[in-house]
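K.L.:
Generate coordinates for the entire structure from the input sequences, incorporating the hints supplied.
Going down the list, the sequences are from chains B and R. Per our numbering, residue 1 is the first one in the first sequence, and the count goes up by one each step. Per our numbering, residue 1001 is the first one in the second sequence, and the count goes up by one each step.
Calculated from the structure, these hints are not laboratory results. Honestly, I wouldn't trust all of these hints.
[What the hints assert, rightly or not] On the chain B side, residues computed to face chain R include the following (Cβ under 7 Å):
| no. | residue |
| --- | --- |
| 1 | Ile-183 |
| 2 | Gly-205 |
| 3 | Ser-209 |
| 4 | Pro-212 |
For each residue, glycine too, the CB sits at the ideal point set by N, CA and C.
Listed here are the chains, written in short residue letters.
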Amino acid sequence: MITDHTLLGLATIMYLGLVFFHILYFVWQKEKLLSAVQHILYAAAAVQAAGILMRWAISYRLGIGHAPLSNYYESLIFFSWSISVFMICMRKRRLYPAITFVAAGISLMLMAYASLSPGVERGIQPLIPALQSNWLHIHVITCFLGYAAFAVSFICGVLYFFRPGGIVPTRENLEDINYRSIIIGFSMLTSGILTGAVWAHFAWGSCWSWDPKETWSLITWIIYALVLHLRFTGGLKGKRIAILSVVGFASVIMTYFGVNFFLAGLHSYAT
Amino acid sequence: MSAIKSDKMRGGPIFRFLVSVRLTIITLSLIAGASIVGSLVRQGASEEEYLSLYSERAYHFIRLFGLDDAYHSSWFYLLMGVFAINLFLCTLQRLRRLMAPRERQAPDLSGFVSAGSGFATDPVNREEVVRRLGPSYRRERVSETTELFEKGRFSRYGAIVVHASVLLILAGGLIGNISGFKAYLALKPGDEASAAMPRKPGQSAVVLGFTVKCTDFRVSFYPSGQPKEYASDIEILDEKRNILKRGRIRVNEPFSYKGVYFYQSSYGRSNVYTFKADGRTFELGEEQVARGVRVPFMVVRYEQDVHNFGPGVMVAYMDADEPKTLWFLSNVEKMRSHTVNGSKVSLENISGQFHTGLEVSRDPGVPVVLCGFTLMLAGLYINFFTAHRRIYLALGPDTLIVAGTTSRNKEGFAEDMRKIGGGLA
Chain B
1 MITDHTLLGL ATIMYLGLVF FHILYFVWQK EKLLSAVQHI LYAAAAVQAA GILMRWAISY
61 RLGIGHAPLS NYYESLIFFS WSISVFMICM RKRRLYPAIT FVAAGISLML MAYASLSPGV
121 ERGIQPLIPA LQSNWLHIHV ITCFLGYAAF AVSFICGVLY FFRPGGIVPT RENLEDINYR
181 SIIIGFSMLT SGILTGAVWA HFAWGSCWSW DPKETWSLIT WIIYALVLHL RFTGGLKGKR
241 IAILSVVGFA SVIMTYFGVN FFLAGLHSYA T
Chain R
1001 MSAIKSDKMR GGPIFRFLVS VRLTIITLSL IAGASIVGSL VRQGASEEEY LSLYSERAYH
1061 FIRLFGLDDA YHSSWFYLLM GVFAINLFLC TLQRLRRLMA PRERQAPDLS GFVSAGSGFA
1121 TDPVNREEVV RRLGPSYRRE RVSETTELFE KGRFSRYGAI VVHASVLLIL AGGLIGNISG
1181 FKAYLALKPG DEASAAMPRK PGQSAVVLGF TVKCTDFRVS FYPSGQPKEY ASDIEILDEK
1241 RNILKRGRIR VNEPFSYKGV YFYQSSYGRS NVYTFKADGR TFELGEEQVA RGVRVPFMVV
1301 RYEQDVHNFG PGVMVAYMDA DEPKTLWFLS NVEKMRSHTV NGSKVSLENI SGQFHTGLEV
1361 SRDPGVPVVL CGFTLMLAGL YINFFTAHRR IYLALGPDTL IVAGTTSRNK EGFAEDMRKI
1421 GGGLA
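P.N.:
Set out below in structure tokens:
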């Protein structure tokens, strides 16, 4: 029987194929391979979306129906999918294979970790009362779209340190994509924090309680706010912005993973 | 927040520092750094907990700088205060600059053309260019020969809106801190309270000005044992015991009365243990001592399941001057009664009762904060996703120059200009 795990497993294999086809393209530089890469990206994202929807449907069959955005496993899959969606939504002419290659690698790693790690609970669990709210959807979706955008910014930041030419895009293009990713990520992270605060107001009786997740999301927000200000009013460019995008993403990683593992708090259901 | 260097700065050096972006960057970095420290050091724990986690010297250091409650320490408030003043002044300055009368003169259009954001065409094409620009542009005559087509002027106010929203959120937080309260109530069905317990030890109870009565509390579980739903029914009573309001509080669905909000934040279970000793029956709660028997005793521990033998309680009593403990298991015949110093004590029954845990708070700052949230999202949209576009149509003796600038997305603008000029060269 086809279950959500079948489809998500298939998506993982497709991401592996996507990484592989990128390498083939880098070796042979054939246009046909590039077009194959794009089609595999669309297909992988579609299969993954089908897997997520299937999981949603199955949860209703189990009588504990809820959107698959409620635990660590589901968030890893959604994060991986968000990165692909971000790639698909990018304009064709900004879709550099070097960027999609790293993005596919990150998606693959997230999927592999989600489906193979013994520490990740993969079953569909019922929702605890605090999570039974419509704010769940908008909060999780905005946060992870933000994380995905910051992942793209991170990729641009890292690629900046490679010599342009060949498969590496020019520094102007990388800066442009980096900047666009940061403004989308910043807007999404802001929306995520604000929807979370409104939800916290209804669920816990306080908009902001300095829970480690909240605190680290604020730290991430401040870092990207600083990046935007340094760029606009400080005229900071090039290498420094690239370094800051890597630092910003390190803070995203801490907000998403680190807090769950190192610091206890109200968001403990995400582990 | 921009401090353009060529702009004439008013005020002395201190004022100039207070409105500078440098100060913003310093304070924001310090706030981020303080938040990191606050998230790594355990917050709001007791002295014993700190001493078990850190060395004594580290604990003194923590206490000295208020790191055990970093986000409410005076230096953190000071940091926030400096940030707020800086943001306020920057926003005012930026607003003043935007409101100042603008130059009407057209900039160097040939420069725009050579940069790719404009083109030259035959003057007869003027009507066609205007048609292609569409109705979304505002027209304005700049000089005899030059017309300005402008769109998205509000886009320049985006940053101001975002900054104002941050100030509004901070103000809302301050209002809540000064005039609000946070407290807690634990009620069994049938219990009532007219004051809520403070969250922090040492603070006094909050007198509500009315009485809250818990009429019912229910909790349901998933087969896995996790809570599925819990809800309390409460009534608000005045001093003459008239019911002023009644309602149900669920998780995520608070209940409010006169600005005081009640949140279903937790629940707990408290047991009543029925014992027989010396022929008398005792109903004991937690930590309650059975007196009037030869050997006074009390329940010190309850276990849902003792080594798979079912529920049990640990009872403590004094044997001469020595404290001793004994286990009673309610499901095991032999373990249900013991002889304690010659008198027979038996556990008759354990009955459990749930109590509801309600978060009680009053926060007049919330509407202000919510306004700030809305404003922030609107401001971010205006700032990042709309652009201020200015397109000049300059009529020369035998050419029409169409060229302009945009505040954002230069690439998209150049593309649109190519479209407008398409086939008109």
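K.L.:
Each hint: holds or not?
P.N.:
Against the structure, the hints come out as follows:
1. Ile-183: Holds, because the Cβ-Cβ distance from B:Ile-183 to chain R comes to roughly 5 Å (cut-off 7 Å).
2. Gly-205: holds (4 Å)
3. Ser-209: Hint violated; B:Ser-209 Cβ to chain R Cβ min 9 Å, cut 7 Å.
4. Pro-212: holds (5 Å)
Hint check: a violation occurs at hint 3 only; the rest are consistent with the structure.
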